[in-house]
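Enquirer: Residues per chain, in single letters:
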Amino acid sequence: MLWLAFKTLFYEKGRLFITLMGITFSTILVLAQVGMYLGMMGNATAIIRHIDADIWVASKNIQNFDFANPFPEERINKVRAFPEIEWTERLLLSYGFLKLENGGREQVQILGYNPDTGIGAPWSMIAGNPKDVKGGNYMILDTTSQQRLGRLAVGSVWELTLANPHSFKLVGLSEGIKSFTTMPIVFMSYNQLQNLFSEFNQEKQTFFIVAKVKDKRRLGHIVDTLRATMRDNDIFTRNDIIYKTIMYWTVQTGLGMGFFITAILGLIVGGSIVGQTIYANTMEHIREFGTLKAIGARNSDIYKVIFSQAGISAVIGYIIGLVFIILVKNPVERAGVTLEINSVLLFTQRYIRKAM
Amino acid sequence: MDSVSISIRGGEVLLIMGPSGSGKTTLLSMMGCILHPTKGKVIVDGRIVNDLSEDLLPDIRKRYFGFVFQAFNLFPSLKAVENVAVVLRLKGWDKSKIREEALGLMERVGLGKRSYFYPKDLSGGEKQRVAFARALAANPPIILADEPTANLDSRTGREVLELLKRLAEDS
Chain A
6 MLWLAFKTLF YEKGRLFITL MGITFSTILV LAQVGMYLGM MGNATAIIRH IDADIWVASK
66 NIQNFDFANP FPEERINKVR AFPEIEWTER LLLSYGFLKL ENGGREQVQI LGYNPDTGIG
126 APWSMIAGNP KDVKGGNYMI LDTTSQQRLG RLAVGSVWEL TLANPHSFKL VGLSEGIKSF
186 TTMPIVFMSY NQLQNLFSEF NQEKQTFFIV AKVKDKRRLG HIVDTLRATM RDNDIFTRND
246 IIYKTIMYWT VQTGLGMGFF ITAILGLIVG GSIVGQTIYA NTMEHIREFG TLKAIGARNS
306 DIYKVIFSQA GISAVIGYII GLVFIILVKN PVERAGVTLE INSVLLFTQR YIRKAM
Chain B
374 MDSVSISIRG GEVLLIMGPS GSGKTTLLSM MGCILHPTKG KVIVDGRIVN DLSEDLLPDI
434 RKRYFGFVFQ AFNLFPSLKA VENVAVVLRL KGWDKSKIRE EALGLMERVG LGKRSYFYPK
494 DLSGGEKQRV AFARALAANP PIILADEPTA NLDSRTGREV LELLKRLAED S
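First to last, the protein sequences are chains A and B.
Just so we're aligned, residue 6 is where the first sequence starts under our numbering, counting upward by one.
Just so we're aligned, residue 374 is where the second sequence starts under our numbering, counting upward by one.
Quick caveat, the hints were computed from the structure, so don't treat them as lab data.
Please note that a few of the clues may not be correct.
Listed next, the in silico PhoX-like pairs over lysine-lysine satisfying Cα-Cα at most 20 Å (straight line) [stated by the list, open to error]: (1) A:LYS174 to A:LYS83; (2) A:LYS18 to B:LYS452; (3) A:LYS12 to B:LYS414; (4) B:LYS435 to A:LYS309; (5) A:LYS309 to B:LYS493; (6) A:LYS298 to B:LYS486; (7) B:LYS538 to A:LYS12; (8) A:LYS12 to B:LYS412.
Over the 10 Å line for every Cβ pair with chain A, so calculated as not near, a few chain B residues [as the list claims (entries may be wrong)]: (9) ARG420; (10) ASN446; (11) ILE515; (12) GLU532.
Stretches of chain A that chain B covers, calculated by requiring three or more beta carbons in the stretch to come under 8 Å of a beta carbon on chain B [said to hold, decoys possible]: (13) 10-24; (14) 121-130; (15) 237-247.
Just so it is clear, CB atoms sit at the ideal spot from N, CA and C, and this is done for glycine as well.
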C-alpha cells in the first residue's frame, strides 16, 4: 500500500508542494531554535568541557561558570592533600575592556591559565601556541571575536583595562571558542591576570581550582570529603558544574522557556500541517478508499495509505529543512550565532540506521 | 429493502431493474459484503457471509467479487494498467506476474494501447472498460456492476454491455 500512497501523494504536486513548504518551515523553525539553544549552552560550557578535570572548586553559591567570585588560592593545598588527586590547577576568570582601533571599547571575558600545564588554555589554535602567553603582557584571542573587535593580527598590541589600562600583545589566535554572551574571550597567563588583579588589592586570589582524580571510582568520596572540609566553597563534579551552568541560563534567566515556546510553536505548526494533510487527503479520496475496501482492502490497508502519505510528507519536509539548516549553518555562524546541529544530525543518523 | 431473494448461478448475467431509490445499489452492496443486512442471509458459495466479522470480509470480497461502479471509481493517480494491478497487489500476487496479467486484462477489454494513460486522459467508455478489467482481475466468480452505463452515452453504453456479455460468455 506504500506504493499507492506514494503515487497518490506525488500525483497531486501542488498540494504536496504546499504541504512540504509548511513542514519544511516548521522543521527549520524547530531546528534553528534547538540548534541555537544547544549552541548557546555549548558555548556556556565549552571551557569546562575542554578542561579534563573531574572536580571544580568555586566560590560559595555561584550561579554559573561565568559568575564566579574570588577566594584564597591557598585552598588549593586542601585539594592537593588528597593522595587520590592526580593533579590540581587554578584558573582566573575576569572581565575587562579592550580598546578598539576606532577608540571604542568592547567588554571581554578574561581567562587566566597556567601556560606550563596548558590546563584551561585555548584548544583550537590556528596561530601561535598556548605557551606563548608566558612571561609578559601577552594574550590569545579567538577569531570569532573579529566581528566585535575588528581585524586580529598576531603581533598587534591592544589596550586592555581591568583597573588600569595595560598594553597586551596578541601572540596567538584560536578558532571557534565563544562565551555564552558572545563576549570575546581573552586568554592570558594565570600570573599575568593575577598581576592585574593586584590592582584591585585581590592578591593571591583565584576563581576556580580544578582537579583530576587518579581513580574515578573514588570521585564521589573525594567530593563528599571536600564538601565537608571546604565549607566556604562549592565543590562540583564536572557534570555538576556543566548542569548548574546550563540550568542557570535555561531556567533562571527564562531563556530556555523562550526557545522552548518557539520550538513548540514550530512543532504545532508542523503537526497541524501533517494533520491537515491527513484530513484533506482522507476527505478528498474518500470514494477511492471506499473503492479500495470494495475490492478487498482491509481497514488497516487504508490506514496505511493515509498515514504513509503523512509520514512521507513529514520525512521529506524534515530532510529539506535539515539540508537548509546545514547549508545556512556556516553563514549564520559567521554572523556570530552558534548553531549546534551535530546532535540533531546524530539523532537523525541513528534513527535512519534503526529504521533500516 | 424487504422480501428480496435472489440466486445467481455461474455464467449467468442477471439484470436488476427498479426505479431510483428502490434499493438496487443497497442490494448489490449487501451481496458484495460491503453492507450488512439487518435481517436475512447472504450466502456465497454455500457459506453464510453476512454475520462474518469485518476481519474476514475483505478475504471474501477479494476471492469472490469484482466491482464495477457507476462513476468508474478509478484511482486518478494511477495509470490504467496500475488501476487493474491494484486488485492483484491486494490479492498478494507475485510482483513479476502482476504487470503481465494487468496488461493482458487491458488487452481483453480492448484497451491494450491505452494501458499507460491516466484516467483523466481516457473517455467515459474507456474508463468503464478499465473498471471492467479491474473487476476481472484474478478472475472472480461474481462481477457486481452498479449501473455501469449510467454515465455513458447510449452508443458507448451498448458497447460496454456487449463487453460485459462477452466477458460472461468467455468465463
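Enquirer: All hints are to be evaluated individually against the structure, with a verdict given for each.
Expert: Quick rundown of the hints versus the structure:
no., hint, in the structure
1, A:LYS174 to A:LYS83, "36 Å, violated"
2, A:LYS18 to B:LYS452, "16 Å, holds"
3, A:LYS12 to B:LYS414, "39 Å, violated"
4, B:LYS435 to A:LYS309, "18 Å, holds"
5, A:LYS309 to B:LYS493, "26 Å, violated"
6, A:LYS298 to B:LYS486, "29 Å, violated"
7, B:LYS538 to A:LYS12, "33 Å, violated"
8, A:LYS12 to B:LYS412, "41 Å, violated"
9, ARG420, "16 Å, holds"
10, ASN446, "4 Å, violated"
11, ILE515, "13 Å, holds"
12, GLU532, "23 Å, holds"
13, 10-24, "holds (count 5)"
14, 121-130, "violated (count 0)"
15, 237-247, "violated (count 0)"
Taken one by one, the earlier hints fail for this structure at numbers 1, 3, 5, 6, 7, 8, 10, 14 and 15, listed in ascending order.
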